[in-house]
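> On the provided structure of chain A, position chain B as indicated by the hints.
Protein chains in written order, with this note's numbering: chain A, 1499 to 1874; chain B, 1499 to 1874.
Quick caveat, the hints were computed from the structure, so don't treat them as lab data. Remember, it's a predicted structure, so these values are computed and weren't measured experimentally. Check the hints yourself; a few may be wrong.
Any copy, or any two copies together, can satisfy a pair, since identical chains are not distinguished.
Claimed, not checked - Calculated cross-link-like contacts (lysine-lysine; reagent style PhoX-like; alpha-carbon spacing at most 25 Å):
#1 K1704 to K1808
#2 K1556 to K1529
#3 K1807 to K1722
The lines below spell out each chain.
There are 2 protein chains.
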Amino acid sequence: MDNRLVFPVDLLENFCVDAFSKFGFSQEESKIISSVLLLSDLYGIESHGMQRLVRYHKGIEKGLIKVHAKSELVFETPLSAVIEGNDGMGQLLGTQAMKLAIDKAKNNGVGIVSVRNSNHFGIAGYYAKMACEAGLIGWATTNSEAIMVPTHGRLAMIGSNPIALAVPAEPYNFLFDASTTVVTRGKLEMYNKMGKTLPEGWALDKDGNDSTNAASVLENIIAKNGGGIMPLGGSQEITGGHKGYGYGMMCELFSSILSQGPTSNYSMTGGRGNICHGFMAINPACFGDPAAIKQHFSKYLEELRQSPKKAGHDRIYTHGEKEILAMAERKKNGIPVLVNTLREMVDLAGYVGLDYKAYFGDIKFEESPEMFKNNY
Amino acid sequence: MDNRLVFPVDLLENFCVDAFSKFGFSQEESKIISSVLLLSDLYGIESHGMQRLVRYHKGIEKGLIKVHAKSELVFETPLSAVIEGNDGMGQLLGTQAMKLAIDKAKNNGVGIVSVRNSNHFGIAGYYAKMACEAGLIGWATTNSEAIMVPTHGRLAMIGSNPIALAVPAEPYNFLFDASTTVVTRGKLEMYNKMGKTLPEGWALDKDGNDSTNAASVLENIIAKNGGGIMPLGGSQEITGGHKGYGYGMMCELFSSILSQGPTSNYSMTGGRGNICHGFMAINPACFGDPAAIKQHFSKYLEELRQSPKKAGHDRIYTHGEKEILAMAERKKNGIPVLVNTLREMVDLAGYVGLDYKAYFGDIKFEESPEMFKNNY
Chain A
1499 MDNRLVFPVD LLENFCVDAF SKFGFSQEES KIISSVLLLS DLYGIESHGM QRLVRYHKGI
1559 EKGLIKVHAK SELVFETPLS AVIEGNDGMG QLLGTQAMKL AIDKAKNNGV GIVSVRNSNH
1619 FGIAGYYAKM ACEAGLIGWA TTNSEAIMVP THGRLAMIGS NPIALAVPAE PYNFLFDAST
1679 TVVTRGKLEM YNKMGKTLPE GWALDKDGND STNAASVLEN IIAKNGGGIM PLGGSQEITG
1739 GHKGYGYGMM CELFSSILSQ GPTSNYSMTG GRGNICHGFM AINPACFGDP AAIKQHFSKY
1799 LEELRQSPKK AGHDRIYTHG EKEILAMAER KKNGIPVLVN TLREMVDLAG YVGLDYKAYF
1859 GDIKFEESPE MFKNNY
Chain B
1499 MDNRLVFPVD LLENFCVDAF SKFGFSQEES KIISSVLLLS DLYGIESHGM QRLVRYHKGI
1559 EKGLIKVHAK SELVFETPLS AVIEGNDGMG QLLGTQAMKL AIDKAKNNGV GIVSVRNSNH
1619 FGIAGYYAKM ACEAGLIGWA TTNSEAIMVP THGRLAMIGS NPIALAVPAE PYNFLFDAST
1679 TVVTRGKLEM YNKMGKTLPE GWALDKDGND STNAASVLEN IIAKNGGGIM PLGGSQEITG
1739 GHKGYGYGMM CELFSSILSQ GPTSNYSMTG GRGNICHGFM AINPACFGDP AAIKQHFSKY
1799 LEELRQSPKK AGHDRIYTHG EKEILAMAER KKNGIPVLVN TLREMVDLAG YVGLDYKAYF
1859 GDIKFEESPE MFKNNY
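Isolated chain A (complex conformation):
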């Protein structure tokens, strides 16, 4: 069940742009949404690329995502803003908010923008990277449907709540982007599609005990039955689980708290996505010569990469390096897509009235499409 077919980046991008256009987004909007998804696949983060199309498809179909939503700027200072998303598409609200944070940081040194009532926005790293490409330090976070069980709890109350941080550096920028859970829900979705057992130390069943059953954990998350994914550091204090829980709270602060929007435990309730995001851009010129700061950081990154390796490992990565390597390889050789994800894309094509064969040719599906049961 983990068969993959490989497609050129352009082909997947065309499919995405056409599909989102069919949903009613403008060409420009469709390109923005697609570029967030494609960057994830290019970076080798398969969980948040084509694999997630089904979620946007179902979100629009169910009315969680309002294609024609108009956002509102409900509070603003020279350094900060709160945006009411009115259930719009996360990638569009995210891009709008980070652009505003970047403008503020360029003009005034720092920009912090908090967004409420949005939807899933893809990888947080996309937005942090936007700031970095403008020569700024970028920070992006989001809450999400509750999947993280707090230390000593048995009900998910906090989202996967990623934090992304991007900092200008040579030969490539530093880009840290990670959920504050041990793994993302997308990773569980991948294991489920592949029919694989989860590693120990990732997930909890509805009673809060360890579980390696991806399908069951995902079902319980959606039904809000209990269980979910462990915070980074695991489910116990002795391995620092309360720390992952704390980083998850840091995301809530910048997303749902400062915007006074719904916290993760209210996400996907009342027929709404209820997702909130937080963005920050910091101008390094607030601290000295940006070129000197960049050089200083690049030196440290190089020292890390050159530091002694443990036996059996020939490389120490700095954050963002694997993504740069993956992107070069995938731009050249194409993006592998799980056959079960392709099924979802074929289903999506049928829904919006696109001929999938015009993009992917005549795919021979050998397995039954079991994944369409109740995970979305």
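Quick look at chain B alone, frame taken from chain A:
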């Protein structure tokens, strides 16, 4: 070896203030330094209170800490500053820098201050709490002597690098304060003093393999032989160790990178402490009514505390709650101090010329003072 004697808070505070005064700090400075150490013991964070006096003692003795250092403001904007610490005492530089960040946030919305060439500043939470008590969101971080081994490495290259975040809330403020390693070095020092074996999943030997020998790991850290403490998430990617490594890098950014100061791998080299700190204060009024934001956050914290517990646990804590409970208990009943820590305090008293019996009475030490070997 884990015997403890209990002393009233005031007595310990008097001892600390008198000892730091004897080192040459002013009465006011000695009170600031002591209040950082005492808050740690009051919060039940034994690793960073009296237990750490020996490190300041040895730091001053060796000339790493310059008692009469004068700091310099080397770069400033309305939102930001860089302070050159000139090897001063960390608690004094930390307090000065956070006060500056608070002023900037009160007047301009956000304040970010980065400090270079300082020394250990105690618990990061002390400084985040300062902002919170001024009605602001507080963030404090520091780098430290390299103890964290990056994923796939065998040499410590990153500090314990704590991040503290304090946010106004009812009935008590949210206060997250945690190293980005699984545990702090102070925790290893405690285990060493108690002669206890470390839990699995905390530390690495000089080859980068798992170790449970606190004494050996501490010796290797100081000698920069290799090994150290695992990042939060462990030493492998499958449990998210690269994430703890990433949070450690986040600390370097705000402390050593923005200030262009020494990164953790240069700490404790060249006869200097070479520690850098980073502070941020954010005025919630940048996002709406601070009282409404506080209420919104307090509601979520209460929902977390009230959420269903796992069997065998009757309580879910929000961050800072345990510290509030510990403080109430310790103010009432006193602070327990390890006998081996008391030995260090007696040694310190002798060094500065204080009569320890005037504070602690005639303590009967039963064990040999083995801990004075080479850990500091």
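> Confirm or reject each hint.
We went through each hint and held it up to the structure:
Proximity of K1704 to K1808 under the C-alpha cut-off of 25 Å is restricted to the inter-copy arrangement: shortest distance 9 Å between copies versus 38 Å within a copy. Within a single copy, K1556 and K1529 get their C-alpha atoms as close as 19 Å, which meets the 25 Å cut-off; across copies the closest is 60 Å, which misses it. Taking the shortest Cα distances, K1807 and K1722 sit within 25 Å of each other only across copies (15 Å), while inside one copy they are farther apart (43 Å).
Hint check: no violations occur; every hint is consistent with the structure.
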